[in-house]
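Trainee: Now for the letters of each chain:
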Amino acid sequence: MHIREINIHGQEFQLHPYGAAYWKERSTLLIADVHLGKATHFRKNGMAVPEETMFEPYKKLEAVCERFKPETLCFLGDLFHSYINNEWLLFETWVRNATPELILVTGNHDIIPEHKLEAVGVSIKDEWCIGSFLLTHEPCEKTAYFNICGHIHPGIRLKGPGRQTLKLPCFFQKEKQLILPAFGEFTGKYIMSPDKTDRVFAVTPEEVVLVSGE
Amino acid sequence: MNTGEIIAASGLWFERRGWKPFPFQKQTWEAFLKGKNGLLNAPTGSGKTYALWVPIAMSLKHDLETPGTEKGGVKAIWITPLRALSLEIAQAAKAFADHLDIGLEVGIRTGDTSQKERAAQRKKMPDLLITTPESLHLLLASKNHAKYFKNCRAIVADEWHELMGSKRGVQTELAISRLKTLCPQMRIWGISATIGNLEQARAVLLGPDSGHLKNSVLIMARLNKRIQVKSVLPEKMEKFPWRGHLGIHLLDEVIPILRESRSTLLFTNTRSQCEIWFQAILSKYPEFAGEIAMHHGSIDKKTRLWVENAIRNDSLKAVVCTSSLDLGVDFAPVETIIQIGGPKGVARFLQRAGRSGHQPGKESKIWFLPTHAMELIEASALKKAVKEKAVEDRIPYLLCYDVLIQYLTSLAVSDGFYPETLYPEITSTFCFQGLTPEAWQWVLNFITMGSQTLREYDEYRKVEIMDDGLFKVNSRGVAMRHRLSIGTIVSDAMLTVKYLKGGYLGHIEEWFISKLQPGDTFTFAGRNLELFRIKQMQVLVKRSKKKTAKVPSWMGGRMSFSSQMSALLREELYGINAPEQPSLSEELKALHPVFERQRKESVVPGPQEFLIETFKTREGYHTIFYPFEGRFVHEAMASLLAYRISLLHPISFSLAFNDYGFELLSDQAMDIEQVLDNNLFSTSYVHEDLQKSLNSTEMARRKFRDIAVISGLVFQGYPDKQLKSKHLQSSSQLFFNVFRDFEPDNLLYLQAFRETFEHSLEEGRLIQALERIGKQEIVWRNCERPTPFSFPIITDRLREKLSSEKLADRIRKMKLQLEK
Numbered sequence: 000m001h002i003r004e005i006n007i008h009g010q011e012f013q014l015h016p017y018g019a020a021y022w023k024e025r026s027t028l029l030i031a032d033v034h035l036g037k038a039t040h041f042r043k044n045g046m047a048v049p050e051e052t053m054f055e056p057y058k059k060l061e062a063v064c065e066r067f068k069p070e071t072l073c074f075l076g077d078l079f080h081s082y083i084n085n086e087w088l089l090f091e092t093w094v095r096n097a098t099p100e101l102i103l104v105t106g107n108h109d110i111i112p113e114h115k116l117e118a119v120g121v122s123i124k125d126e127w128c129i130g131s132f133l134l135t136h137e138p139c140e141k142t143a144y145f146n147i148c149g150h151i152h153p154g155i156r157l158k159g160p161g162r163q164t165l166k167l168p169c170f171f172q173k174e175k176q177l178i179l180p181a182f183g184e185f186t187g188k189y190i191m192s193p194d195k196t197d198r199v200f201a202v203t204p205e206e207v208v209l210v211s212g213e
Numbered sequence: 000m001n002t003g004e005i006i007a008a009s010g011l012w013f014e015r016r017g018w019k020p021f022p023f024q025k026q027t028w029e030a031f032l033k034g035k036n037g038l039l040n041a042p043t044g045s046g047k048t049y050a051l052w053v054p055i056a057m058s059l060k061h062d063l064e065t066p067g068t069e070k071g072g073v074k075a076i077w078i079t080p081l082r083a084l085s086l087e088i089a090q091a092a093k094a095f096a097d098h099l100d101i102g103l104e105v106g107i108r109t110g111d112t113s114q115k116e117r118a119a120q121r122k123k124m125p126d127l128l129i130t131t132p133e134s135l136h137l138l139l140a141s142k143n144h145a146k147y148f149k150n151c152r153a154i155v156a157d158e159w160h161e162l163m164g165s166k167r168g169v170q171t172e173l174a175i176s177r178l179k180t181l182c183p184q185m186r187i188w189g190i191s192a193t194i195g196n197l198e199q200a201r202a203v204l205l206g207p208d209s210g211h212l213k214n215s216v217l218i219m220a221r222l223n224k225r226i227q228v229k230s231v232l233p234e235k236m237e238k239f240p241w242r243g244h245l246g247i248h249l250l251d252e253v254i255p256i257l258r259e260s261r262s263t264l265l266f267t268n269t270r271s272q273c274e275i276w277f278q279a280i281l282s283k284y285p286e287f288a289g290e291i292a293m294h295h296g297s298i299d300k301k302t303r304l305w306v307e308n309a310i311r312n313d314s315l316k317a318v319v320c321t322s323s324l325d326l327g328v329d330f331a332p333v334e335t336i337i338q339i340g341g342p343k344g345v346a347r348f349l350q351r352a353g354r355s356g357h358q359p360g361k362e363s364k365i366w367f368l369p370t371h372a373m374e375l376i377e378a379s380a381l382k383k384a385v386k387e388k389a390v391e392d393r394i395p396y397l398l399c400y401d402v403l404i405q406y407l408t409s410l411a412v413s414d415g416f417y418p419e420t421l422y423p424e425i426t427s428t429f430c431f432q433g434l435t436p437e438a439w440q441w442v443l444n445f446i447t448m449g450s451q452t453l454r455e456y457d458e459y460r461k462v463e464i465m466d467d468g469l470f471k472v473n474s475r476g477v478a479m480r481h482r483l484s485i486g487t488i489v490s491d492a493m494l495t496v497k498y499l500k501g502g503y504l505g506h507i508e509e510w511f512i513s514k515l516q517p518g519d520t521f522t523f524a525g526r527n528l529e530l531f532r533i534k535q536m537q538v539l540v541k542r543s544k545k546k547t548a549k550v551p552s553w554m555g556g557r558m559s560f561s562s563q564m565s566a567l568l569r570e571e572l573y574g575i576n577a578p579e580q581p582s583l584s585e586e587l588k589a590l591h592p593v594f595e596r597q598r599k600e601s602v603v604p605g606p607q608e609f610l611i612e613t614f615k616t617r618e619g620y621h622t623i624f625y626p627f628e629g630r631f632v633h634e635a636m637a638s639l640l641a642y643r644i645s646l647l648h649p650i651s652f653s654l655a656f657n658d659y660g661f662e663l664l665s666d667q668a669m670d671i672e673q674v675l676d677n678n679l680f681s682t683s684y685v686h687e688d689l690q691k692s693l694n695s696t697e698m699a700r701r702k703f704r705d706i707a708v709i710s711g712l713v714f715q716g717y718p719d720k721q722l723k724s725k726h727l728q729s730s731s732q733l734f735f736n737v738f739r740d741f742e743p744d745n746l747l748y749l750q751a752f753r754e755t756f757e758h759s760l761e762e763g764r765l766i767q768a769l770e771r772i773g774k775q776e777i778v779w780r781n782c783e784r785p786t787p788f789s790f791p792i793i794t795d796r797l798r799e800k801l802s803s804e805k806l807a808d809r810i811r812k813m814k815l816q817l818e819k
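If you're matching them up, the sequences are chains C and W in order. Going by numbering that gives the first Met the number 0, the residue at position 111 of the first sequence is 110; the numbering climbs one at a time, nothing skipped. Going by numbering that gives the first Met the number 0, the residue at position 596 of the second sequence is 595; the numbering climbs one at a time, nothing skipped.
No lab work stands behind these hints: they were computed from the structure. Please note: incorrect hints may appear among the correct ones.
[Unchecked claim] Capping the alpha-carbon separation at 27 Å, the derived lysine-lysine pairs in DSS-like fashion look like this: (1) K224(W) x K316(W); (2) K58(C) x K805(W); (3) K158(C) x K545(W); (4) K70(W) x K60(W).
[As the list claims (entries may be wrong)] Computed far set for chain C versus chain W, every beta-carbon distance over 12 Å: (5) S26; (6) S122; (7) W127; (8) K175; (9) G187.
Just so we're clear, the structure is a prediction, and the values are computed from it rather than from any experiment. In this text, a Cβ means the ideal position worked out from N, Cα and C, and glycines have one as well.
Construct the entire structure; sequences and hints are all you get.
Mentor: Have a look at this one:
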């Protein structure tokens, strides 16, 4: 696993191939669009997603926590895909054993009552301002801040010699914004159209590769 | 009345209309009245409807006049592949039913039937029910369906050759297996155009080793229609394009044919080609305005019906159409057919030819219009194929777990089922004759637990097992979603095209519209339209005065040459090098300048030679192989070879193929000596290597798309309620990935690979082709520039990819492709 470091407003962010971004100065790990409970939600409605998929996000969460040992883990929305289902039990167990402080900036899919989350020790915020940074779920264009967000599930299309093409998830950085790829496995992606000033980091299972911008 | 009297009475009805029953019609009447099942081989528009409806109706009359006969429910079922055909069949059937004057009711139940009419039918079923396989399954998914069918005496699968080669054929097999139990006295008949495997078609329909099959006949119409095939040739061959698929350059040659003929159908291979030809004729020859029309599957149903009627009334000079006019009853005034581009199948070509010259004694006339030079070889081979009636087989599907899962869920949605009683019914079908008890248990586990073992916290809910062992769906949500997704024709999401001011134009695929911006102009239904906006599932448009417009392209199925057709093609091609050429066809003579050019740049291979060409262009290093074995074999061979080369060193390929050969394109030069030295055309380990190559290409993934939808893994959404189902939407791609990673032994996942082998790759033919290549001398030409033979292949945009390079390494060689 190769980490890619970038600098924004004098702060260092480490981009991980799983789609997580670690904010070094604040010891905060940022993760967007985990969509926990999606497999169970589908299964409850008669669509047989393999049950094993529900354990994957926890394996990945443990791996990134082990790697960065963050003091805070902030989910940028869409932590849960749906209403409470049996995957909540898995989540509770994971929260109980998690070392970092857990914060959820809520998103459009987060319909689980706040008190339920707070009861297990997850703090809830609509948005979170830290210094000149604004953490949200949906992209936000408030000019005074640098916005870090999720929601879009950004992806990128690449074209190479010999008529080769690839579509990959990516970190998408604009002048005043960083959009994280979806952390959840069972999700799609939205293909972005970057302009010259945008920086695009394509995500492969092993590496984070800069494919556009300086 | 005995059989003889019935036949005499029916013959009288024919005579009163000035018709004379064909021998095949009388034969079918007799066989049916004797209680036989069977398959009738008769072309479209030959009076095949009366061959079966007459004896069915006559025996119904006999039964109904016998005191004590039960009168409720459906008496006969007529299955048709196209909704559009149901109306014509109903009209024909009604004419004879009215003549009998015993109150026989004819009804239609398809996707177009209104809710109100369906409800009325549920109260009182028509005597003859005309329906599609999907709608029949929907009936099987309704409560108390047994009572609708208990008095059914006959089922007819019309255009069985169309159904049999698709999963809708499997649906039909399953429905028949159920009806055999519900109505034991039912006779089963099929009607099929000529295909290579008619005997097999009969066994698939009636069930292998079944009592029905033993008590059955195969009746051949043998109408011996004479067919005249000609090619549309340009005056000067020098300007004939080497590539392309439109054929517009021959427009001026087509016009005299249209003028001379009373009425002409121009068959195109895609809907976009259809739109382009229609526009091109009108803009260059405006005098045809009002005399020509267009017909394809995306056009509004009312317009289509209007066009069909206008053909019958002789009020149109020409219609540009697609396969949408392949089937259906007579278009008597049609004198001439023009086939634009390769029909990719002798059966289809014959079927289309048969749409012309319907009057007794007249011959069918079909023109073949080649869209690029190489297609002239195909034209020459087609002529021979028509003469020799070298018609393809339709390959029936085996072990379609996706269709089985859908069917079992349908039964569970209705009254439920007991597996022990159902298993023998299912294994009596052709498709599931090899269904093992283990696979059966797997399927039952899948629909009840969503997996193979029950886990404590799992909340999977679809089919439940009741205390007495009945398999049943109790959730209303599951039942509703299932009813909405029944059907095996899988297509992209379709959007409705409407004028801003109101007025419906037709349906269009979402992926085309998603590439347009408001204000863009596109051609649809023969008009230039400006996109105003997309609202929910509607595309709102205005008329546009702009002359240039984008033309939507529709993804159609790509067909491949059969082995017989490929052999004919090679024969034609090899004939060119023969010293004596007394019998060279006009097409091959016309191709002379192209062959000269090919000889200058490379060679025209002979029967003992296998040609490989290499050259470099801006795109990269091209290597072209020419086995002349048909598209499917080339697709398989290209993946096999690319996979084997990629084992030698890390390399990425883009693969293209057509009916003549295939291309491996790479950013690295390829060492042909190395390919030959390593014996990469070897037939050993073909199956294993193909299996591995499939993991790295998209072929199996594409097959899985249909499987995921049919088996209910992917839900396409409620009509007009797009947003509500969003939480349940996912793509078949995601399912493919999670099965690959977590359940690689899932039968639905494995089915995608098996279908690729059985229906797309034709492994058996691949091995034969490799053996043939093994005996040929390999002729490798390093060319300066693309050759005439290579042109149609290297310009093909629909490609496969295969790579053994590391993802990150590939990315580093790439640039961003900006969305347009």
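Trainee: Hints first: check each against the structure and report whether it holds.
Mentor: Comparing the hints with the structure gives:
1. K224(W) x K316(W): Between K224(W) and K316(W) the Cα gap is close to 24 Å, so the pair holds against 27 Å.
2. K58(C) x K805(W): Roughly 24 Å separates the two Cα atoms, so the pair holds.
3. K158(C) x K545(W): 32 Å, violated
4. K70(W) x K60(W): The hint holds at about 11 Å.
5. S26: 28 Å, holds
6. S122: 26 Å, holds
7. W127: 26 Å, holds
8. K175: 21 Å, holds
9. G187: 6 Å, violated
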